[in-house]
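Build the full structure now, drawing on both the sequences and the hints.
2 protein chains.
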Amino acid sequence: MQTLHQIQSAFEKYLRELSFGSDPDNLYRPVRYILSLGGKRLRPVVLLLCHKLYDDDISPAMPAAAAIEVFHNFTLVHDDIMDEAPLRRGKPTVHHKFDTNKAILSGDVMLVLAYDYLLRLQNQTLIPTVSRIFTQTAIEVCEGQQMDMDFEERTNVSVEEYLRMIELKTSVLVAAAMKIGALTGGASDADAQKLYEFGRNLGIAFQLQDDLLDTFGDPEKFGKQPGGDIIQNKKTYLFLKALELADDHTRTELLEWYSNTDFDEEEKIAGVKSIFTRLDIPAQTKRLQTEFEGKAMEQLNGLDAPSEKIEWLKAFAEGLMKREF
Amino acid sequence: MQTLHQIQSAFEKYLRELSFGSDPDNLYRPVRYILSLGGKRLRPVVLLLCHKLYDDDISPAMPAAAAIEVFHNFTLVHDDIMDEAPLRRGKPTVHHKFDTNKAILSGDVMLVLAYDYLLRLQNQTLIPTVSRIFTQTAIEVCEGQQMDMDFEERTNVSVEEYLRMIELKTSVLVAAAMKIGALTGGASDADAQKLYEFGRNLGIAFQLQDDLLDTFGDPEKFGKQPGGDIIQNKKTYLFLKALELADDHTRTELLEWYSNTDFDEEEKIAGVKSIFTRLDIPAQTKRLQTEFEGKAMEQLNGLDAPSEKIEWLKAFAEGLMKREF
Numbered sequence: 004m005q006t007l008h009q010i011q012s013a014f015e016k017y018l019r020e021l022s023f024g025s026d027p028d029n030l031y032r033p034v035r036y037i038l039s040l041g042g043k044r045l046r047p048v049v050l051l052l053c054h055k056l057y058d059d060d061i062s063p064a065m066p067a068a069a070a071i072e073v074f075h076n077f078t079l080v081h082d083d084i085m086d087e088a089p090l091r092r093g094k095p096t097v098h099h100k101f102d103t104n105k106a107i108l109s110g111d112v113m114l115v116l117a118y119d120y121l122l123r124l125q126n127q128t129l130i131p132t133v134s135r136i137f138t139q140t141a142i143e144v145c146e147g148q149q150m151d152m153d154f155e156e157r158t159n160v161s162v163e164e165y166l167r168m169i170e171l172k173t174s175v176l177v178a179a180a181m182k183i184g185a186l187t188g189g190a191s192d193a194d195a196q197k198l199y200e201f202g203r204n205l206g207i208a209f210q211l212q213d214d215l216l217d218t219f220g221d222p223e224k225f226g227k228q229p230g231g232d233i234i235q236n237k238k239t240y241l242f243l244k245a246l247e248l249a250d251d252h253t254r255t256e257l258l259e260w261y262s263n264t265d266f267d268e269e270e271k272i273a274g275v276k277s278i279f280t281r282l283d284i285p286a287q288t289k290r291l292q293t294e295f296e297g298k299a300m301e302q303l304n305g306l307d308a309p310s311e312k313i314e315w316l317k318a319f320a321e322g323l324m325k326r327e328f
Numbered sequence: 004m005q006t007l008h009q010i011q012s013a014f015e016k017y018l019r020e021l022s023f024g025s026d027p028d029n030l031y032r033p034v035r036y037i038l039s040l041g042g043k044r045l046r047p048v049v050l051l052l053c054h055k056l057y058d059d060d061i062s063p064a065m066p067a068a069a070a071i072e073v074f075h076n077f078t079l080v081h082d083d084i085m086d087e088a089p090l091r092r093g094k095p096t097v098h099h100k101f102d103t104n105k106a107i108l109s110g111d112v113m114l115v116l117a118y119d120y121l122l123r124l125q126n127q128t129l130i131p132t133v134s135r136i137f138t139q140t141a142i143e144v145c146e147g148q149q150m151d152m153d154f155e156e157r158t159n160v161s162v163e164e165y166l167r168m169i170e171l172k173t174s175v176l177v178a179a180a181m182k183i184g185a186l187t188g189g190a191s192d193a194d195a196q197k198l199y200e201f202g203r204n205l206g207i208a209f210q211l212q213d214d215l216l217d218t219f220g221d222p223e224k225f226g227k228q229p230g231g232d233i234i235q236n237k238k239t240y241l242f243l244k245a246l247e248l249a250d251d252h253t254r255t256e257l258l259e260w261y262s263n264t265d266f267d268e269e270e271k272i273a274g275v276k277s278i279f280t281r282l283d284i285p286a287q288t289k290r291l292q293t294e295f296e297g298k299a300m301e302q303l304n305g306l307d308a309p310s311e312k313i314e315w316l317k318a319f320a321e322g323l324m325k326r327e328f
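In order, the protein sequence lines correspond to chains D and W. The number in the working numbering is simply the position in the first sequence, starting from 1, with 3 added. The number in the working numbering is simply the position in the second sequence, starting from 1, with 3 added.
Mixed in with the good hints there might be a few duds.
Copies of the same chain look alike in the list, so a pair counts if it fits in one copy or across any two.
[What the hints assert, rightly or not] Below 27 Å or equal to it, Euclidean Cα-Cα: the simulated DSS-like pairs (lysine-lysine) are: (1) K94 with K105; (2) K105 with K238; (3) K317 with K55; (4) K276 with K289.
Note that these hints are calculated values from the structure, not bench results.
Here is the structure:
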């Protein structure tokens with residue numbers, strides 16, 4: 004979609020020219036490193052797209068878009084320390100390339116820099132409102148990350164808790180990006196809230212699909228071998244829903260696969276997949292995903308923006324769910 | 004000083020009643036823990052004192068005072084991870100009591116909560132200005148912490164760099180607290196800036212005195228055995244100034260004490276102290292400290308506030324330097 008790519012390029016240019024400190028080098032080099040690893044810039048792009056629904060000139064929203072992207076990258080740096088992840092986007096994570104102390108501190112300064120950019124919004128009267136949305140969201144993202152870490156230790160996670168966790172850990176930031184973009188563009192509070200709900204529901208749908216594709220995706224299309232979540236014993240929607248629906252015998256079988264550390268990888272993936280299939284988990288996941296997608300799309304009705312621009316959002320959502328963005 | 008103690012009590016009460024999340028417990032328990040360890044609440048107290056210079060009712064400044072205290076405690080949590088410190092105020096540090104991941108994440112949420120409190124200021128028009136001061140300061144504190152970590156690895160740290168490091172790592176937050184308090188109280192920009200400079204210079208004077216007392220302080224008055232910095236090979240003002248002034252022979256002698264890991268503690272302290280004394284370092288440190296104190300006190304001339312209130316600030320500064328606050 005042409006509009007999205009234009010926005011993406013404009014944002015990349017803005018980000019490249021963004022000034023932040025250079026001294027001490029050990030503080031700012033990790034910041035430049037993580038921001039240079041690229042990625043789709045999904046969150047700033049949707050922020051700018053929502054701004055554009057109400058105002059063709061996206062430049063006033065750029066500081067907020069940068070704030071959201073820098074914040075997102077801060078969460079990656081600190082999450083990678085907590086998860087002991089060696090790689091991010093195929094490159095060494097910040098704490099591997101530099102060290103853990105530098106990753107903690109450069110993450111901290113990125114969180115502050117996110118506010119710094121937000122406070123550069125030209126429209127001063129928007130600053131308190133936008134800062135409050137951003138702050139509430141940042142708190143929720145921390146809560147989601149803690150829930151995710153807690154779930155690793157717990158054996159009694161419910162599907163409901165899981166949905167709340169993915170909402171906090173990933174969806175609210177997309178939702179906040181959309182709401183903030185709407186507000187910088189001059190949307191009414193009602194429209195801004197609808198776009199928040201659009202982003203929140205779409206984010207949950209995306210994460211559910213992510214869980215499904217990780218186990219049942221076509222490796223040709225999805226770009227990676229399926230089964231990673233199973234090997235890592237991740238408590239995904241598929242696993243939790245299966246535990247909920249399984250009879251005692253099947254539940255025991257599933258829990259054995261997840262507690263046994265001595266197994267053949269292919270055999271474990273096949274064993275767990277066969278349980279999921281028996282319980283009709285793929286269709287159940289797809290149904291819930293479609294439900295959230297539907298809730299997202301509903302929000303677009305009655306937006307006070309030109310209908311051809313609302314089409315951009317629909318095309319974006321469809322492209323996202325087809326993994327084309 | 005009665006006024007200070009009243010302010011301190013009022014702030015403690017406000018902090019106790021301050022609401023922040025409770026769920027997930029693993030995120031918020033460390034926050035409550037570090038804030039319950041107490042301390043003198045120096046930064047919020049000076050913020051409220053500066054507010055009181057211009058407005059007797061300190062309640063409008065409470066959210067900003069809480070923001071500064073929560074931010075300060077965030078820095079303690081993350082610094083203690085980086086320094087591998089087991090104790091803080093005689094109790095286990097957050098990463099020791101909980102774990103490193105929880106200390107990283109609860110530190111992160113405290114940084115966000117600091118903004119949350121700042122954004123609760125009733126006077127909306129102040130929010131952009133006060134948030135920018137706070138943000139600039141938070142960036143500088145991160146820079147100071149990185150400089151401090153860099154200095155541990157470096158052998159060529161200059162006295163000038165050291166002074167800049169302590170300014171960033173500790174003084175600017177005291178300075179910002181004073182400036183923000185002045186602004187919430189209704190001070191002119193000129194007065195707010197004078198109070199910033201008062202805090203900045205006083206903070207540097209305090210840190211220089213801290214270095215001096217750590218080595219030459221009276222254990223009865225100072226409450227701890229002197230020599231801790233020497234044992235830890237800390238690059239304090241005393242050490243760096245001694246390296247600057249020493250002849251080749253004395254420099255070699257000093258560097259030997261600092262590189263030798265196999266020594267008797269008492270002997271090392273005595274050896275290093277005798278070099279410092281030979282080079283007249285205590286008097287030099289005292290002179291520089293007095294110079295910064297003088298620069299601080301100068302700022303109080305011509306403040307547009309009642310002279311009896313300005314006396315509070317003088318009494319505060321004197322009490323602080325006598326370690327009575």
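Given a CA cutoff of 27 Å, do K317 and K55 count as a within-copy pair, a between-copy pair, both, or neither? Classified as within: same-chain Cα gap 14 Å, cross-chain 55 Å, threshold 27 Å.
At 27 Å max between alpha carbons, let me know whether K105 reaches K238 within a copy, between copies, both or neither. Answer is between: at 20 Å across copies they meet the 27 Å cutoff, but 31 Å inside does not.
Status of K289 relative to K276 across identical chains (alpha carbons, at most 27 Å): within (15 Å within a copy, 73 Å between copies)
Status of K105 relative to K94 across identical chains (alpha carbons, at most 27 Å): Classified as both: same-chain Cα gap 17 Å, cross-chain 26 Å, threshold 27 Å.
Comparing the model with each earlier hint shows no violations; every hint is respected.
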